[in-house]
Amino acid sequence: MGTFIAIVLAAVLTNNFITVKTYGICPFLGVSKKTSSALGMGVAVTVVMVLATLVTYPVYEYVMKPLKFDFLEIIFFIFIIAALVQMLEKIIQKLSPSLYNTMGIYLPLITTNCAVLGVAELVINDGTMEQFLSGASMNIGWAVLYSFFAGLGFTLVMIIMSGMRERLNYYKTPKALAGFPTAMVTASFICMAFMVFTYIQI
Amino acid sequence: MNKYKKITLDGLIFQNPTFMLVLGTCPTLGLISSATSAAGMGLTVVVILTLSNIIISALKKLIPNEVRIPCYIVVIATLVTFARMLLEKFVPDLYESLGGFLALIVVNCIILGRAEAFANKHTVLESAVDGIANGLGFTCALTIMGIICEFIGNGSVFGLHVMDFKIGMFATPAGSFLVYGISIAVFVYVINLFERAKRVKVNRLARENLLDKEVA
Amino acid sequence: MTAKQFFKSTAFKCIVTLFSILLVCGVFLTIMYGFLEVTDEEKFARAVQKIYGKSVKTEEIKLDGLKTSFDYSSVDEAYKVLDDGNYLVKVTGKEGFGGSVTCWVVVIMGEDGDSNPSIDGIMKIVIDSAPGESYISKISQGALDSLASKAEYGKELEGGYKHGSQQKGDDYISTGASYSMRAISNCVNGAMEFVAGYALGIVNADFFADNGFEYLEMINNKKTSYTTSDNVVTYSIETTGNSPAGAFTITVKVGEDGVITEYTITEDGSTATDYSDKVFKDYVGKNADWFKSVIGADGTDNSNANYGGNGIQTGATRSNYLCLYAGLFATANYQKALETPYTGGNA
Chain D
1 MGTFIAIVLA
11 AVLTNNFITV
21 KTYGICPFLG
31 VSKKTSSALG
41 MGVAVTVVMV
51 LATLVTYPVY
61 EYVMKPLKFD
71 FLEIIFFIFI
81 IAALVQMLEK
91 IIQKLSPSLY
101 NTMGIYLPLI
111 TTNCAVLGVA
121 ELVINDGTME
131 QFLSGASMNI
141 GWAVLYSFFA
151 GLGFTLVMII
161 MSGMRERLNY
171 YKTPKALAGF
181 PTAMVTASFI
191 CMAFMVFTYI
201 QI
Chain U
1 MNKYKKITLD
11 GLIFQNPTFM
21 LVLGTCPTLG
31 LISSATSAAG
41 MGLTVVVILT
51 LSNIIISALK
61 KLIPNEVRIP
71 CYIVVIATLV
81 TFARMLLEKF
91 VPDLYESLGG
101 FLALIVVNCI
111 ILGRAEAFAN
121 KHTVLESAVD
131 GIANGLGFTC
141 ALTIMGIICE
151 FIGNGSVFGL
161 HVMDFKIGMF
171 ATPAGSFLVY
181 GISIAVFVYV
191 INLFERAKRV
201 KVNRLARENL
211 LDKEVA
Chain C
1 MTAKQFFKST
11 AFKCIVTLFS
21 ILLVCGVFLT
31 IMYGFLEVTD
41 EEKFARAVQK
51 IYGKSVKTEE
61 IKLDGLKTSF
71 DYSSVDEAYK
81 VLDDGNYLVK
91 VTGKEGFGGS
101 VTCWVVVIMG
111 EDGDSNPSID
121 GIMKIVIDSA
131 PGESYISKIS
141 QGALDSLASK
151 AEYGKELEGG
161 YKHGSQQKGD
171 DYISTGASYS
181 MRAISNCVNG
191 AMEFVAGYAL
201 GIVNADFFAD
211 NGFEYLEMIN
221 NKKTSYTTSD
231 NVVTYSIETT
241 GNSPAGAFTI
251 TVKVGEDGVI
261 TEYTITEDGS
271 TATDYSDKVF
281 KDYVGKNADW
291 FKSVIGADGT
301 DNSNANYGGN
311 GIQTGATRSN
321 YLCLYAGLFA
331 TANYQKALET
341 PYTGGNA
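Protein chains in written order, with my numbering: chain D, 1 to 202; chain U, 1 to 216; chain C, 1 to 347.
It is worth saying that the hints were derived from the structure and are not from the lab.
Idealized CB from N, CA, C, for every residue including glycine.
Any given hint might turn out to be false.
To be verified - The calculated lysine-lysine pairs, modelled on PhoX-like cross-linking and capped at a C-alpha distance of 25 Å, are:
#, chain 1, residue 1, chain 2, residue 2
1, U, K60, C, K13
2, C, K4, U, K61
3, C, K57, U, K89
4, U, K61, C, K67
5, C, K8, C, K67
6, C, K155, C, K90
7, U, K121, D, K65
8, D, K175, U, K121
9, U, K61, D, K175
10, C, K43, U, K121
11, C, K54, D, K65
12, D, K90, C, K13
13, C, K54, U, K89
14, C, K13, C, K57
Said to hold, decoys possible - Selected chain U positions facing chain C (in silico; Cβ < 7 Å):
#, residue
15, K6
16, T8
17, V74
18, V91
To be verified - If you want the footprint, here are the derived chain U segments under chain D, 3+ residues with CB under 8 Å:
#, region
19, 56-67
20, 100-112
21, 123-130
22, 160-174
23, 186-199
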């Protein structure tokens, strides 16, 4: 139970993907102008992250490591992720066209989202995971749990950011500051707020 | 020769991937807290970007249009894996300071972006120049911001102690976001000034020409 | 679509191109990996370089058959540095904050080298891993260095809390992570004990356990000794801690028939004077059977139930337990001590 809480807190707050690890910044800056699209992107990223971990972790641990070609992990991971995203897109298109219209449009962007490759690389890195596990041994359950809550943390910050940017639309900004600079200064304030969570001792 | 000058200037300044196009943001924000790791990341990207541009423009006739993106990704992933091996073997300190961002070069939009937008339409030489120019543009931007962040956040430059005063926030992502945002604003402002001055000069020349004609 | 058409179609061309590129890249990387693989030895050499500051040649010491587990630590790996004769020992120390701490400890050897080996001290301590530690980051390299400078062979290093208590040790270094420092001190002690056993051939025998003494659980056998004369055994006992109470140092004289004739607490481990007033001191005339009836013959601490009936005021239960245990140790081993002259080496 302690490990469970530690992983959840670490993934969502203390080691948030955007505010602490700075993974997945492209969609964070690009798709956060409206809350609805930010939510769609966040959910899509979470789903792909969980699916990607579900496949890459066992492939790495039980196939690539024993056969000693773990040095090819980058190529394998990016291919698995690309294939997963393609399949997911087709499946959603077939099963639920309405869901496809709201979420599907974000899927092609996700292949080159570093949050997905980032989580796949993180969970196979013993040193990184050890600090969250509080003594428990690593297995696929923890890996998937971590990626799911990392996705939720990503979604949380996306929604906060989009809410702030929607308000910012009402104000006139100097020409040089319009667009990315304003978004980044806003993001900086969100990061400062999230720094509070580093005081959580698990 | 003019063609190469334009490619170089575009990559370094007018289409600077970091400041003007805002690509490759994840490693930028993650690594500019230290000037050394920022410069190391930049130089790694220069090499990988140049090589991937050369290979992709050389193979552009061979690769069918339908599977070009997967092919690019394979080429880039191979280069990244190779670069990672080299760094781990010969520069272990840099390898450790880059951490996870080394593997994430694969999904760095700059590299895939240049492959898609430039390398598959141009010759090998032009692509190589474009790769070096864009890579250096990225490196310069990262190094400048790295120096700023490290100086304020850690009181040092490239790891050398400069002053005791420091604001720790600038060594965290919060400071990275702030410095990056303000850097973009300053860069865009300067470029706009420069372009306006150029436009004013062009207009003045045109007017003088017109006047000369009328006088004549 | 016939097979012929398929082989001419774009789909086939795509598949062939993609797979040939994949194959070429895979083969290229595999060949390169053969050249560039960072082997475990290289990783170890880098770790050594980080500790030493320069690259040195090392030789692994086979741990089979050597004494590697000590009271509060165990040796995981050990290497002899061939360049200067020092030893590099990876030790896990117990009693840290929420677990154990693993450190690399560099033991400096004397200048005579292998001809007349001696331990000069500790060059460096580097923390390897500390699962379950939350304040370990508060220990700076400076604190570790000053701990290393305090270490000397033949002395038990106490850089954090004393064993089993919250009292400061003799070499206490203020870090904010006193439990972790205790575990690190244990690492250093273990490393020196291991090197003493391996290079100097000195195995710190556990005198009391080896000679069949009983009731040793609460006795610090490295700091306890006794002398005998005319059927009187004079013990100088140091107990372990019994958190929050610290270690007690007690002088006990046991005379004819195993009855206590003198019982003096020379160092009180109680956390406050309030408690030391409540420590029962009237042990003269008591024998082993009385102690067993209070503590429980099997040595379990059921003292809470038995204190009142034996006239022991409670309020300092843990301190009393230590004092009772010291008395039990002294009286129960009376015959044994008379028969065995003390040769344990604790003055």
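- Message: Hints numbered earlier in the text: which of these fail when held up against the supplied structure?
- Response: Numbers 4, 5, 7, 8, 9, 10, 11, 14, 15, 16, 18, 19 and 21 - these are the hints that the structure violates, sorted from lowest upward.
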